[in-house]
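Undergrad: Here are the chains, one letter per residue:
Protein chains: 2
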Amino acid sequence: MDLHSSPLLVLILLTLTSASNFITISSLPIPLMTPLQSLKQKDATSNSKQSNKSLFTTHYFPQELDHFTFQPKSFNLFHQKYLMNSTHWDKGPVHHQPIFVYTGNEGNIEWFAENTGFMYDIAPKFGALLVFIEHRFYGESLPFGNDSYKNAETLGYLTSTQALADYAILIRSLKQNLSAEASPVVVFGGSYGGMLAAWFRLKYPHMAIGALSSSAPILQFDNITPWSSFYDAVSQDFKDASMNCFEVIKGSWDEIITKGSTTEGLMELSKKFKACQPVQSVGSFRDWIWSSYTYTAMVDYPMPANFLMPLPAFPIQEMCRRIDGFPAGSDKIDMVIAAASVYYNYTGDQKCFQIEKRSDPHGLDGWGWQACTEMVMPMTITNQSMFPPYNFTYEDDIISCNSTYGVKPRPHWITTEYGGIRIEQVLKRYASNIIFSNGMIDPWSRGGVLKSISPSIIALVTEKGAHHLDLRFATKEDPDWLIQQRNQEIAIIQGWIDQYYQDLKDTS
Amino acid sequence: MDLHSSPLLVLILLTLTSASNFITISSLPIPLMTPLQSLKQKDATSNSKQSNKSLFTTHYFPQELDHFTFQPKSFNLFHQKYLMNSTHWDKGPVHHQPIFVYTGNEGNIEWFAENTGFMYDIAPKFGALLVFIEHRFYGESLPFGNDSYKNAETLGYLTSTQALADYAILIRSLKQNLSAEASPVVVFGGSYGGMLAAWFRLKYPHMAIGALSSSAPILQFDNITPWSSFYDAVSQDFKDASMNCFEVIKGSWDEIITKGSTTEGLMELSKKFKACQPVQSVGSFRDWIWSSYTYTAMVDYPMPANFLMPLPAFPIQEMCRRIDGFPAGSDKIDMVIAAASVYYNYTGDQKCFQIEKRSDPHGLDGWGWQACTEMVMPMTITNQSMFPPYNFTYEDDIISCNSTYGVKPRPHWITTEYGGIRIEQVLKRYASNIIFSNGMIDPWSRGGVLKSISPSIIALVTEKGAHHLDLRFATKEDPDWLIQQRNQEIAIIQGWIDQYYQDLKDTS
Chain H
1 MDLHSSPLLV
11 LILLTLTSAS
21 NFITISSLPI
31 PLMTPLQSLK
41 QKDATSNSKQ
51 SNKSLFTTHY
61 FPQELDHFTF
71 QPKSFNLFHQ
81 KYLMNSTHWD
91 KGPVHHQPIF
101 VYTGNEGNIE
111 WFAENTGFMY
121 DIAPKFGALL
131 VFIEHRFYGE
141 SLPFGNDSYK
151 NAETLGYLTS
161 TQALADYAIL
171 IRSLKQNLSA
181 EASPVVVFGG
191 SYGGMLAAWF
201 RLKYPHMAIG
211 ALSSSAPILQ
221 FDNITPWSSF
231 YDAVSQDFKD
241 ASMNCFEVIK
251 GSWDEIITKG
261 STTEGLMELS
271 KKFKACQPVQ
281 SVGSFRDWIW
291 SSYTYTAMVD
301 YPMPANFLMP
311 LPAFPIQEMC
321 RRIDGFPAGS
331 DKIDMVIAAA
341 SVYYNYTGDQ
351 KCFQIEKRSD
361 PHGLDGWGWQ
371 ACTEMVMPMT
381 ITNQSMFPPY
391 NFTYEDDIIS
401 CNSTYGVKPR
411 PHWITTEYGG
421 IRIEQVLKRY
431 ASNIIFSNGM
441 IDPWSRGGVL
451 KSISPSIIAL
461 VTEKGAHHLD
471 LRFATKEDPD
481 WLIQQRNQEI
491 AIIQGWIDQY
501 YQDLKDTS
Chain C
1 MDLHSSPLLV
11 LILLTLTSAS
21 NFITISSLPI
31 PLMTPLQSLK
41 QKDATSNSKQ
51 SNKSLFTTHY
61 FPQELDHFTF
71 QPKSFNLFHQ
81 KYLMNSTHWD
91 KGPVHHQPIF
101 VYTGNEGNIE
111 WFAENTGFMY
121 DIAPKFGALL
131 VFIEHRFYGE
141 SLPFGNDSYK
151 NAETLGYLTS
161 TQALADYAIL
171 IRSLKQNLSA
181 EASPVVVFGG
191 SYGGMLAAWF
201 RLKYPHMAIG
211 ALSSSAPILQ
221 FDNITPWSSF
231 YDAVSQDFKD
241 ASMNCFEVIK
251 GSWDEIITKG
261 STTEGLMELS
271 KKFKACQPVQ
281 SVGSFRDWIW
291 SSYTYTAMVD
301 YPMPANFLMP
311 LPAFPIQEMC
321 RRIDGFPAGS
331 DKIDMVIAAA
341 SVYYNYTGDQ
351 KCFQIEKRSD
361 PHGLDGWGWQ
371 ACTEMVMPMT
381 ITNQSMFPPY
391 NFTYEDDIIS
401 CNSTYGVKPR
411 PHWITTEYGG
421 IRIEQVLKRY
431 ASNIIFSNGM
441 IDPWSRGGVL
451 KSISPSIIAL
461 VTEKGAHHLD
471 LRFATKEDPD
481 WLIQQRNQEI
491 AIIQGWIDQY
501 YQDLKDTS
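Order-wise, the sequence lines are chains H and C. The UniProt record's numbering applies: residue 1 is where the first sequence begins, and numbers increase by one. The UniProt record's numbering applies: residue 1 is where the second sequence begins, and numbers increase by one.
None of these hints come from the bench; they were simulated from the model. All values reported here derive from a predicted model rather than from experimental measurement. Ideal Cβ positions, reconstructed from N, Cα and C, are used throughout, including at glycine.
Heads up, simulated DMTMM-like pairs for lysine to aspartate or glutamate below, C-alpha to C-alpha not over 25 Å straight-line:
| id | chain 1 | residue 1 | chain 2 | residue 2 |
| --- | --- | --- | --- | --- |
| 1 | H | K150 | C | E153 |
| 2 | C | K73 | H | E395 |
| 3 | C | K73 | H | D147 |
| 4 | H | K464 | H | E477 |
| 5 | H | K428 | C | E181 |
| 6 | C | K451 | C | E463 |
Residues from chain H that keep clear of chain C, each with C-beta distances beyond 10 Å, as calculated:
| id | residue |
| --- | --- |
| 7 | S54 |
| 8 | E140 |
| 9 | Q236 |
| 10 | T263 |
| 11 | E264 |
| 12 | L266 |
| 13 | G325 |
| 14 | Q350 |
| 15 | P388 |
| 16 | T393 |
| 17 | D396 |
| 18 | S452 |
| 19 | D498 |
Facing chain H, a subset of chain C residues (Cβ under 7 Å, in silico):
| id | residue |
| --- | --- |
| 20 | P205 |
| 21 | T373 |
| 22 | V407 |
Using the sequences and the accompanying hints, generate a full structural model.
TA: Written out as structure tokens, the structure reads:
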């Protein structure tokens with residue numbers, strides 16, 4: 001199996017069999033925006049005082065399959081899941097209290113609800129209704145039931161444009177049913193969900209008065225952001241922690257490949273890596289290690305957290321501390337395994353690891369499809385990074401996507417449909433009321449909007465923040481800069497709502 | 001055949017066989033936005049010094065069938081026609097000279113190019129490239145060739161959202177091929193094309209720096225505009241010309257129906273109406289007369305023109321002059337025929353009329369489909385109008401559209417996708433650079449944006465203007481207010497372009 005042919009499997013499961021020549025890898029494990037491999041291990045509400053049960057009620061909305069054509073099939077209905085919490089919306093319709101909508105991304109909506117504590121934390125202040133809408137083709141919102149992932153005929157309807165139209169239709173219907181037509185809607189999202197939130201405000205300004213778009217790399221397309229930026233950023237994070245750490249990692253890839261080039265070597269590696277089953281391909285070790293760096297960089301939070309995995313505060317520092325603790329001349333493979341264990345086994349309760357075995361209980365394969373259709377984010381790796389060099393070409397991408405899904409990417413569609421090229425010039429004269437928040441530790445931040453564009457298109461950048469940290473439940477360990485960032489967000493959102501009410505008064 | 005079941009045929013061809021009871025009509029001939037029945041009769045460049053040949057060159061762009069899904073079929077290509085005139089764009093790419101794009105509406109693109117002389121008139125001043133893009137499913141831009149209108153499976157791809165995406169993709173590709181990525185694009189459109197121009201600016205602000213949206217009833221949906229407004233406006237136009245004229249027309253319908261209720265009466269009417277063939281249904285006479293009023297109201301221009309038909313200046317006044325010229329007690333049927341003849345035979349060269357016979361050489365049936373899917377513009381007729389009363393219900397509409405096309409309308413889709421409800425409040429805080437121009441004689445003006453929303457969302461309203469009069473070639477007979485309106489448009493567009501160049505300078 002070609003590495004790139006199934007990017008999602010690679011990264012959810014970290015179990016690639018790969019091309020034999022590692023040094024000149026022919027394709028790249030695209031990092032998942034929201035890696036979900038550890039869903040079942042997590043107690044997502046660990047940071048919260050609320051129990052799951054009180055977080056939301058579950059609902060389903062009859063949604064049409066295709067909003068942009070009128071074929072007989074377009075009208076087929078599926079049930080789109082959404083969650084609500086109306087605890088603080090007691091007089092919502094009467095007082096036009098706001099509605100905060102999370103534009104769901106590539107996974108079960110419960111998980112995003114549970115990990116977007118910011119909305120719960122601020123709901124009392126705003127008297128807001130909380131709504132979390134599941135993205136089509138994820139979780140339970142499967143347009144063709146168990147056949148949803150069958151082939152391009154069914155998966156063809158998994159697109160961001162259809163998802164945004166789903167949200168618009170659901171929100172309109174919901175407001176009508178609640179007699180809350182005059183309530184302002186603010187959309188929230190992190191990662192791909194943050195892209196959707198920003199695009200929703202851009203495309204449906206009549207539906208949402210503003211968007212908090214957290215860690216959303218809407219500029220990771222075409223040539224807008226340098227293609228090497230993602231892996232450069234991961235490498236920089238490690239370099240910042242320790243130059244030795246960076247060098248050890250950079251030098252380790254060769255050793256893994258050399259060792260794994262023989263059957264005996266593979267056996268030995270399986271032992272070293274504590275694989276639950278003997279591993280068949282050396283690439284699987286590589287990718288297991290590789291993913292621990294990229295995902296730890298994404299969730300390099302300044303406090304202990306359990307977003308992807310239970311991790312200590314500043315987990316990259318912990319990884320490098322472990323590497324740096326080895327005496328000079330130690331086996332680099334042992335060193336990087338020790339580092340990766342911070343990510344995979346910080347609690348120490350894992351006796352062995354599923355290095356190669358696939359387990360996908362959540363039907364989350366969709367991102368692979370999305371990356372092969374709309375979400376073409378070219379990534380390369382240069383010699384300066386700690387990863388082995390890699391070149392991206394559109395030609396390879398087309399071949400790989402065709403062989404995996406029988407589909408042809410439209411690599412320039414996202415910037416055609418949503419813009420992004422010269423975004424400052426366009427949005428300065430056009431849009432309003434979007435917060436783009438990014439933490440610079442997060443490698444996705446490089447594809448985000450990092451400079452404010454206008455008084456109401458505001459970039460909030462934190463040097464020490466990671467992947468949509470601002471959206472998480474507040475904790476006692478939150479540093480001042482995070483508290484401050486969230487306060488800024490609250491003040492800006494308050495400003496949007498105040499302005500909306502004033503305009504409502506003026507026009508009625 | 002039910003009247004409403006085929007609204008387009010009704011109005012292109014004015015040849016309805018209809019329900020027998022006229023007074024309580026069960027459905028309504030929806031007025032075409034751009035009635036094209038007279039295409040073949042017209043010399044569209046009659047107002048221009050330029051010959052057809054020098055107006056444009058013809059091109060074709062390979063366009064994908066479905067931009068919003070990734071099914072195997074989505075990638076099917078068709079050839080989208082577009083026209084260009086680069087006379088004044090000699091150093092376009094080097095100097096970033098602007099590109100003026102007409103977003104084609106429901107018909108052959110040549111016709112719109114020939115009738116949008118304003119773009120030609122201002123091209124020299126701006127050094128602009130002119131591009132006119134044909135709307136999918138019209139003219140030659142047929143995704144399934146001769147089978148395009150076969151059924152809902154093929155027609156299903158005829159939607160405004162797909163059309164806008166076509167434009168975005170074509171414009172991007174064209175700019176790339178011309179090395180003109182930095183050239184600003186301004187979109188122009190009249191009627192449905194004006195709706196598309198405005199929506200294009202709203203949805204693709206990164207593709208067009210501004211839009212001139214002429215006579216575009218983007219608020220003729222849902223409950224935004226009173227449902228009776230269109231026919232109230234037509235009636236008001238006639239009342240303003242002459243109260244007697246209004247009363248004669250109002251009283252004539254009964255007489256037509258009574259006369260046509262017997263076979264002998266139908267024969268007699270066929271003679272009176274100078275029908276080329278004996279007419280089978282009295283409804284056909286009604287609709288023929290009816291359409292002459294609505295279309296004359298749309299093109300009630302202050303100078304002789306040949307947009308739909310060759311007409312004198314102020315053709316409504318001419319109609320009413322003829323009616324008022326009859327002695328008291330004359331046959332009302334003779335009077336309204338005389339009035340209708342202004343529209344159908346002002347030049348006097350028609351010996352007989354095709355009252356019932358269908359002729360559709362241009363494959364322009366698409367508007368009927370569009371009215372039965374997205375473009376649901378509810379219209380009613382009250383007792384105060386000069387037309388027989390009519391009530392619209394969504395239920396009837398669903399039944400009628402299902403029986404004609406096997407399709408279910410989505411009557412709230414347009415306002416969900418493009419907005420329109422509380423448009424002032426939304427666009428005041430969001431969009432920019434749109435001119436909504438409307439002439440109040442035009443009955444479609446009532447569904448337009450008639451008040452400026454912000455310093456850059458500007459309504460230009462002329463009391464004496466009609467259907468996208470401002471877009472026509474300048475003539476010697478143009479009244480001052482029209483010259484002034486066009487000058488305002490030129491100044492505003494110049495402002496957009498100046499600002500764009502300034503921004504371009506600032507960011508580079």
